[in-house]
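Participant: Listed below, chain by chain, are the residues.
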Amino acid sequence: MITVPLQDLGELEERSISVLREAKMQFKRIVALWSMGKDSTAVLSLARKAFMKKVPFPVMHIDNGIDFPESYSFRDSLMEKWGLELIVAESKIKKELSGFSCCGANKTDALKKVLNEYGFDAVIVSIRRDEHGIRAKERFFSPRDKYFKWNYKNQPEELWGNYTSPSEDKSHVRVHPILEWNEIDVWNYTKKEKLPINPLYLAKDGFRYRSLGCTHCTVAMPSNARTIDGIMAELKSTKSEERGGRQQDKEKAYAMEKLRALGYM
Amino acid sequence: MRTSKKYRVTLIGEKDNGKSTLLGKLLLLTGAASKERIDDAKGNMFGGRFEPAFLLDNFSEERQNGLTLDSTKASIFYKDRSLEFTDVPGHEELIKNMLSGASESKAAVFVVSANKGEGFTSQAKRHLDVAVLLEMKSIVVAVNKIDAVGYSQDRFNSIRKDILNYLSRLDFEGKVTFIPVSAYDGDNLVERSKRTPWYHGMAVLDAVVRAAETEKPQRRSNRLRILVQGEVQNEKHTLFLGRVCSGRASQGSRLSVEPGHDDTKIAALFVDGSKAEHANSGKNISLSLGRGVRPKKGSVLYGDRCKPHTLLVVKAKLFIIDNTGMVRPDNASIKINNTTVGVNDISIVKSRVDCNIADAQLTLDKEYPMERFETVPELGRFLLYSGRSLAGIGVVQ
Numbered sequence: 195m196i197t198v199p200l201q202d203l204g205e206l207e208e209r210s211i212s213v214l215r216e217a218k219m220q221f222k223r224i225v226a227l228w229s230m231g232k233d234s235t236a237v238l239s240l241a242r243k244a245f246m247k248k249v250p251f252p253v254m255h256i257d258n259g260i261d262f263p264e265s266y267s268f269r270d271s272l273m274e275k276w277g278l279e280l281i282v283a284e285s286k287i288k289k290e291l292s293g294f295s296c297c298g299a300n301k302t303d304a305l306k307k308v309l310n311e312y313g314f315d316a317v318i319v320s321i322r323r324d325e326h327g328i329r330a331k332e333r334f335f336s337p338r339d340k341y342f343k344w345n346y347k348n349q350p351e352e353l354w355g356n357y358t359s360p361s362e363d364k365s366h367v368r369v370h371p372i373l374e375w376n377e378i379d380v381w382n383y384t385k386k387e388k389l390p391i392n393p394l395y396l397a398k399d400g401f402r403y404r405s406l407g408c409t410h411c412t413v414a415m416p417s418n419a420r421t422i423d424g425i426m427a428e429l430k431s432t433k434s435e436e437r438g439g440r441q442q443d444k445e446k447a448y449a450m451e452k453l454r455a456l457g458y459m
Numbered sequence: 195m196r197t198s199k200k201y202r203v204t205l206i207g208e209k210d211n212g213k214s215t216l217l218g219k220l221l222l223l224t225g226a227a228s229k230e231r232i233d234d235a236k237g238n239m240f241g242g243r244f245e246p247a248f249l250l251d252n253f254s255e256e257r258q259n260g261l262t263l264d265s266t267k268a269s270i271f272y273k274d275r276s277l278e279f280t281d282v283p284g285h286e287e288l289i290k291n292m293l294s295g296a297s298e299s300k301a302a303v304f305v306v307s308a309n310k311g312e313g314f315t316s317q318a319k320r321h322l323d324v325a326v327l328l329e330m331k332s333i334v335v336a337v338n339k340i341d342a343v344g345y346s347q348d349r350f351n352s353i354r355k356d357i358l359n360y361l362s363r364l365d366f367e368g369k370v371t372f373i374p375v376s377a378y379d380g381d382n383l384v385e386r387s388k389r390t391p392w393y394h395g396m397a398v399l400d401a402v403v404r405a406a407e408t409e410k411p412q413r414r415s416n417r418l419r420i421l422v423q424g425e426v427q428n429e430k431h432t433l434f435l436g437r438v439c440s441g442r443a444s445q446g447s448r449l450s451v452e453p454g455h456d457d458t459k460i461a462a463l464f465v466d467g468s469k470a471e472h473a474n475s476g477k478n479i480s481l482s483l484g485r486g487v488r489p490k491k492g493s494v495l496y497g498d499r500c501k502p503h504t505l506l507v508v509k510a511k512l513f514i515i516d517n518t519g520m521v522r523p524d525n526a527s528i529k530i531n532n533t534t535v536g537v538n539d540i541s542i543v544k545s546r547v548d549c550n551i552a553d554a555q556l557t558l559d560k561e562y563p564m565e566r567f568e569t570v571p572e573l574g575r576f577l578l579y580s581g582r583s584l585a586g587i588g589v590v591q
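Quick note, the sequences are listed as chains A and B, same order.
If you're matching positions, the first sequence starts at 195 in the numbering used here and goes up one per residue.
If you're matching positions, the second sequence starts at 195 in the numbering used here and goes up one per residue.
If we strip away everything but chain A, and leave its shape as in the complex, we get (with noise of 0.2 angstroms):
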């Protein structure tokens, strides 16, 4: 059994408060994305406690169409209630695409397309070094070419929370003030905060959702977790990994490296 402890609350806490104050002084224009999930939620809720309660910046969408049900009522109404402003890009799903392709080309080519037509130079992302191998080799700051290309073999020095300044080239800065956390973490604040959940992470008819992408690609697991608290301590014994129900992660050797370098999350 794989034990994770976990982390102090307050430490990563201020640790993520401090990035997003930080990302908010160096760039003009950041933008969010949200995917409706746990972490992604999460980190506007941070932003929350770190701008008096006001997320100051727009949160985006890439809308494919064919999200779960659930995460559109559920975006609709953290939006509301949280007064977000919201941009939905949106990307068309080609039915001969699937898995890797379609990560590769949909989600990733929607993006672009936004932040070109908007501006932006800094996007915030609510990926965790836990997730993945490759994630695990992450910035806090993490610079992106003109193509979106992450030069992870040349990255910038990031010492004592000192970050890389906003690239020349007009390119953009990804920014991820979660990067420390890791699943437990997520759900112990997620729980602690009594923020609002999608419900197809709690289990239903024996089976729940631990890591949510679109209806193509993910895929649900077994679980009896109806509670965050059941959620918590079924990750206490698993042996398995988060996105286990990911499709893209797995179709071919270092599928993560190839997203990653074509500008995927």
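No lab work stands behind these hints: they were computed from the structure.
Check each hint, because a few of them may be wrong.
As the list claims (entries may be wrong) - Cut-off 30 angstroms, straight-line C-alpha distance, at most; resulting in silico cross-link-like pairs (DSBU-like, lysine-lysine): (1) Lys267(B) to Lys300(B); (2) Lys385(A) to Lys200(B); (3) Lys491(B) to Lys247(A); (4) Lys491(B) to Lys430(B); (5) Lys199(B) to Lys430(A); (6) Lys347(A) to Lys209(B); (7) Lys355(B) to Lys300(B); (8) Lys247(A) to Lys477(B); (9) Lys222(A) to Lys529(B); (10) Lys310(B) to Lys209(B); (11) Lys490(B) to Lys222(A); (12) Lys222(A) to Lys430(B); (13) Lys501(B) to Lys491(B); (14) Lys236(B) to Lys347(A); (15) Lys319(B) to Lys347(A); (16) Lys340(A) to Lys529(B); (17) Lys300(B) to Lys331(B); (18) Lys511(B) to Lys199(B); (19) Lys385(A) to Lys267(B); (20) Lys501(B) to Lys511(B); (21) Lys477(B) to Lys529(B); (22) Lys369(B) to Lys199(B); (23) Lys200(B) to Lys319(B); (24) Lys200(B) to Lys347(A).
It should be emphasised that the depicted structure is a prediction, and the values quoted were computed from it without experimental measurement.
Assemble chain B onto chain A, guided by the hints.
Facilitator: For chain B alone, coordinates are given in the frame of chain A:
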């Protein structure tokens, strides 16, 4: 459910001495690696043998070439301790990635090969320089590949002697433990190995746990200092965003803004966006201040009539990445808390033969408040730049 304070440990040492292998093997032996990670490492071996290092080295290029490009973290929960290990690259040209990974660690596992010519190289010494500069209190030396030298106690002792000599030159005062290991086979990593009967000390993981247990709390200052991160407009008011670096901020606290020595006080204090009476060290806060005072991003607010330790002339210990050229002051600057300050002069007070650590005195081109690294770490550590490239790091003495 248990919450555990993280103890951060970095693996340091020359490339190909076995840092990633040692950490990968620790993950396997303690059951801290998930099935997917193991399967992924097994399925992408490029025709070679199974390498525990692949659990950390996830880029195809890292696996193909058997090198670590950038830092990775991995956690192990062992004997009620939450240990966070950072694996860093050993290559000389990747030193900035090594610094990024190591910068917040309290202890190091120094992996050094027992093979002649492979072990205690100049690059390995650079890593020890960094550990000493960061004031790490414990260094666990894993003398690796001991199987390749026939588990030789003589070889172990000779490496031990060289390293102790070097550490004394750096004035290292912390604890250092030497352990013979074979990272690939797992000897002396978690349990003591029968193949080194002459060794009676601890296994690596126990030595790390002991380092965590004996860690003394830092002698941190309890006087109020708030680092200002910027300002936002809230309705009609200007609010300053900041973080309490030491002491406790309270509604009404009297403050002096540095640089500038302007006096003011906290008119209103907010924590997590709600009004609060107090905020302790480590908290991010929002403030409104008294009349007309306007600290900038990077300013520090001092309470209790306390004054900055240094403003213009800074005594610091420096780690210089490339010692041959030193850093030319006409092109130098430091970066501290996302604020860049020019440097007018760097004079070396004490250098050490064969080491890249020097005691220096820096004269800044404008006042900037700093504290001793030991008392307020956030205000006492900086990056040193030569032009646009990282030239080193420093801590204020």
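Participant: For every hint, state whether the structure bears it out.
Facilitator: Cross-check of the supplied hints:
For the given pair, Lys267(B) sits about 14 angstroms from Lys300(B) by alpha-carbon distance, which is consistent with the 30 angstroms threshold. A distance of roughly 21 angstroms separates the Cα atoms of Lys385(A) and Lys200(B); the hinted pair therefore holds under the 30 angstroms criterion. At most 30 angstroms may separate the alpha-carbon atoms for a hinted pair to count; Lys491(B) and Lys247(A) meet this at roughly 21 angstroms. Straight-line distance between C-alpha atoms of Lys491(B) and Lys430(B) comes to about 20 angstroms, which keeps the hinted pair within the 30 angstroms bound.
Among the hinted pairs, Lys199(B) with Lys430(A) is consistent with the structure: their alpha-carbon atoms are about 18 angstroms apart, no more than 30 angstroms. Restraint check for Lys347(A) and Lys209(B): satisfied, since their Cα atoms lie roughly 16 angstroms apart, inside the 30 angstroms limit. Proximity of Lys355(B) to Lys300(B) is assessed by CA-CA distance (about 24 angstroms); at most 30 angstroms being required, the pair is judged to hold. Under the criterion of a C-alpha separation no larger than 30 angstroms, the hint pairing Lys247(A) with Lys477(B) is consistent with the structure, at around 16 angstroms.
With a C-alpha separation of about 21 angstroms, the suggested pairing of Lys222(A) with Lys529(B) holds against the 30 angstroms cut-off. Between Lys310(B) and Lys209(B) the alpha-carbon distance is near 14 angstroms, which keeps this suggested pair within the 30 angstroms criterion. Between the alpha carbons of Lys490(B) and Lys222(A) the distance comes to roughly 17 angstroms, so the proposed pair stays at or under 30 angstroms and holds. About 21 angstroms separates the Cα atoms of Lys222(A) and Lys430(B), which keeps this hinted pair within 30 angstroms; it holds.
Note on Lys501(B) and Lys491(B): the hinted pairing holds, with a Cα-Cα distance of about 19 angstroms set against a maximum of 30 angstroms. Between Lys236(B) and Lys347(A), the direct Cα distance comes to roughly 24 angstroms. Compliance with the 30 angstroms bound is thereby established for this hinted pair. Restraint check: the Cα-Cα separation between Lys319(B) and Lys347(A) comes to about 24 angstroms, which is no more than 30 angstroms; the hinted pair holds. The hinted pair formed by Lys340(A) and Lys529(B) meets the criterion: a straight-line CA distance of about 27 angstroms does not exceed 30 angstroms.
For a cut-off of 30 angstroms, the pair hint linking Lys300(B) to Lys331(B) stands: about 7 angstroms separates their Cα positions. At roughly 29 angstroms between alpha-carbon atoms, Lys511(B) and Lys199(B) fall within 30 angstroms of each other, so this suggested pair holds. Restraint check for Lys385(A) and Lys267(B): satisfied, since their Cα atoms lie roughly 26 angstroms apart, inside the 30 angstroms limit. Straight-line distance between C-alpha atoms of Lys501(B) and Lys511(B) comes to about 22 angstroms, which keeps the hinted pair within the 30 angstroms bound.
A hinted pair counts as satisfied when its Cα atoms are at most 30 angstroms apart, and Lys477(B) with Lys529(B) qualifies at roughly 22 angstroms. Of the pairs offered as hints, the one joining Lys369(B) and Lys199(B) holds, with about 21 angstroms between alpha carbons and a cut-off of 30 angstroms not exceeded. With a CA separation close to 27 angstroms, the supplied pair Lys200(B) and Lys319(B) stays within the 30 angstroms bound. Distance check on the hinted pair: Lys200(B) and Lys347(A) sit about 28 angstroms apart at the alpha-carbon level, within 30 angstroms; holds.
Checked against the numbered hints above, the structure violates none of them.
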